[in-house]
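Enquirer: Sequence:
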Amino acid sequence: MAGPSAIGCRVLPASGAHTKVTVTSKFSKHYEALVVPFFTDYDEEWAERMPHADRLRPMLLAMGATGRYGEVVRIPISEGDDSYFAVAVGLGSFHDCTAETVRRACGLMARSLTGMDTAFMVDFETLDPTAAVAGALLGSYKYFGFKHDVPAATQPVKRIEVLCRKEDKAACQRALVVAESVNFARDLVNTPSSHLYPETYATALSTIAQNYDLGFQCWDETKLKEQGFGGILAVGSGSARKPRLVQLRYWPADAKKHVSLVGKGITFDTGGISMKPAANMENMISDMGGSAAVVATVVAAARLQLPVAVTATVALAENMPGGAAYRPGDVITHYGEKTTEILNTDAEGRLVLADALAFASEKEPDVLIDVATLTGAQIVALGDRTSGVMGDAELAEQLAHIGREVDEPAWAMPLPEELAEAVKSPVADLRNATPKRHGGMLSAACFLREFVKPPIQWAHVDIAGPAFNTSTPHGFTPARGTGVPVRTLVEFLSSI
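Take 1 as the starting number for the sequence shown in the UniProt record's numbering and just add one per residue.
Among the clues, some could well be false.
Distance condition first, Cα-Cα at most 30 Å in a straight line; then the derived DSS-like pairs of lysine-lysine [claimed, not checked]:
1. Lys338 - Lys257
2. Lys158 - Lys26
3. Lys242 - Lys20
4. Lys363 - Lys453
5. Lys453 - Lys256
6. Lys242 - Lys158
7. Lys256 - Lys158
8. Lys225 - Lys276
9. Lys225 - Lys147
10. Lys276 - Lys363
11. Lys453 - Lys436
12. Lys26 - Lys169
13. Lys225 - Lys363
14. Lys225 - Lys20
Cβ-Cβ distance ranges computed for the label pairs, FRET-style [claimed, not checked]:
15. Asp213 - Ile496: 19 to 25 Å
16. Ser112 - Val177: 37 to 43 Å
17. Pro307 - Asn211: 39 to 45 Å
Think of the hints as simulated: they come from the structure by calculation, not from any bench. Note that the Cβ used here is the ideal one computed from N, Cα and C, for glycine as well.
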């Protein structure tokens with residue numbers, strides 16, 4: 001089987017398989033497949049910049065290759081004593097080719113190269129080699145989980161070498177580190193709740209902290225009670241698997257800024273007493289996607305040695321309808337003493353995030369960002385692939401812009417005054433749901449804002465749809481866990 005996810009294999013019972021992608025500035029002659037870019041149009045610049053693709057062009061055209069975006073054409077080649085496959089990756093128009101096009105097309109290519117040992121990518125060094133290596137690594141990811149005897153023909157290609165110029169090598173290596181972190185987030189999301197629940201999740205994060213020299217602190221049920229984390233305790237009360245709060249810290253000596261990341265870690269969500277429908281409930285293993293993203297981001301920051309302090313705080317709980325479960329009509333007291341009336345136990349993510357946000361605010365970070373698979377309303381408003389970003393307008397717009405730049409679509413959304421009023425309760429400071437479904441994504445963010453200490457810059461990223469792909473793979477995005485928005489967060493940290 002192709003190599004397991006580089007980070008997840010050391011801490012999880014099963015991790016996704018992916019291709020080992022490396023970069024080199026020397027041309028290799030040892031490969032089963034020679035991978036080249038191919039375009040719908042042709043001119044002298046095309047031929048000059050992509051000599052290997054130009055040499056193979058007549059044969060590829062004869063076999064029906066058109067160069068349209070998303071096309072992957074594989075043909076056998078025999079030259080002297082050498083036999084190999086030529087693989088043409090369709091990129092559409094040469095003059096319209098972007099990093100996004102390269103990244104997505106290379107993801108498609110990597111996913112199609114199953115059942116072989118080696119491939120060598122050439123001519124991408126004149127396009128965007130960082131996008132090529134990232135797309136190849138991200139696109140090759142497949143989660144087989146606990147299956148036995150996976151057929152070789154379905155496994156990712158074992159190794160891909162990418163030719164790049166010496167001056168691009170460092171940037172390509174950075175892209176690979178970020179992509180490995182995305183795959184780790186995918187591993188966490190894909191791990192079933194039978195194996196990943198608050199206690200085992202905290203144990204895995206302890207190992208991660210040791211592996212990457214991160215600060216680590218964990219609050220068990222006793223400590224949560226002592227310090228008044230009423231939101232996390234309420235949500236976890238119905239489960240035999242008790243909740244945890246975990247913090248990972250990366251704090252380089254030269255850090256001048258501190259970014260605090262908070263992630264929702266509901267390891268399984270039945271909806272509690274306000275039970276969800278049975279159909280597709282198995283996908284609720286993904287309700288800890290926000291926690292996976294912020295954990296993977298702090299690991300990436302440490303591996304890249306970014307000169308910014310990063311704290312990741314994750315609230316871990318199972319939302320189950322046990323005899324001790326919290327109920328609609330209950331009033332709970334959060335960390336920091338604010339109270340919330342419970343209208344719907346399936347609006348649980350905002351309750352654990354409220355505790356974590358209030359706790360993270362005490363350190364007065366320069367920026368505070370929370371990430372969560374929070375509302376079905378996000379999917380209604382923006383679809384399965386576009387995250388909603390709310391909070392301080394300038395920060396929300398910045399994160400959304402970065403997301404679109406790195407091909408993790410996101411859109412900044414408002415926090416209307418009337419919805420801020422709608423989350424107020426007649427019997428407590430707040431209520432965790434509003435009487436109307438209108439603007440559900442926005443009202444959830446209005447609720448969270450109440451737990452952020454001014455004047456901290458704050459943004460909330462709702463990834464309910466983008467975190468878990470329930471349809472067929474597309475571009476460099478596999479089925480199941482996607483790792484959104486790790487690349488956005490890493491790019492944001494790099495920018496400051």
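Enquirer: Each hint needs a verdict: does it hold in this structure or not?
Expert: Tested hints:
no.: 1; hint: Lys338 - Lys257; verdict: holds (29 Å)
no.: 2; hint: Lys158 - Lys26; verdict: holds (20 Å)
no.: 3; hint: Lys242 - Lys20; verdict: violated (38 Å)
no.: 4; hint: Lys363 - Lys453; verdict: holds (10 Å)
no.: 5; hint: Lys453 - Lys256; verdict: holds (20 Å)
no.: 6; hint: Lys242 - Lys158; verdict: violated (40 Å)
no.: 7; hint: Lys256 - Lys158; verdict: violated (41 Å)
no.: 8; hint: Lys225 - Lys276; verdict: holds (28 Å)
no.: 9; hint: Lys225 - Lys147; verdict: violated (40 Å)
no.: 10; hint: Lys276 - Lys363; verdict: violated (36 Å)
no.: 11; hint: Lys453 - Lys436; verdict: holds (28 Å)
no.: 12; hint: Lys26 - Lys169; verdict: holds (12 Å)
no.: 13; hint: Lys225 - Lys363; verdict: holds (21 Å)
no.: 14; hint: Lys225 - Lys20; verdict: violated (45 Å)
no.: 15; hint: Asp213 - Ile496: 19 to 25 Å; verdict: holds (22 Å)
no.: 16; hint: Ser112 - Val177: 37 to 43 Å; verdict: violated (25 Å)
no.: 17; hint: Pro307 - Asn211: 39 to 45 Å; verdict: violated (21 Å)
Against the hints set out earlier in the document, violations occur for numbers 3, 6, 7, 9, 10, 14, 16, 17.
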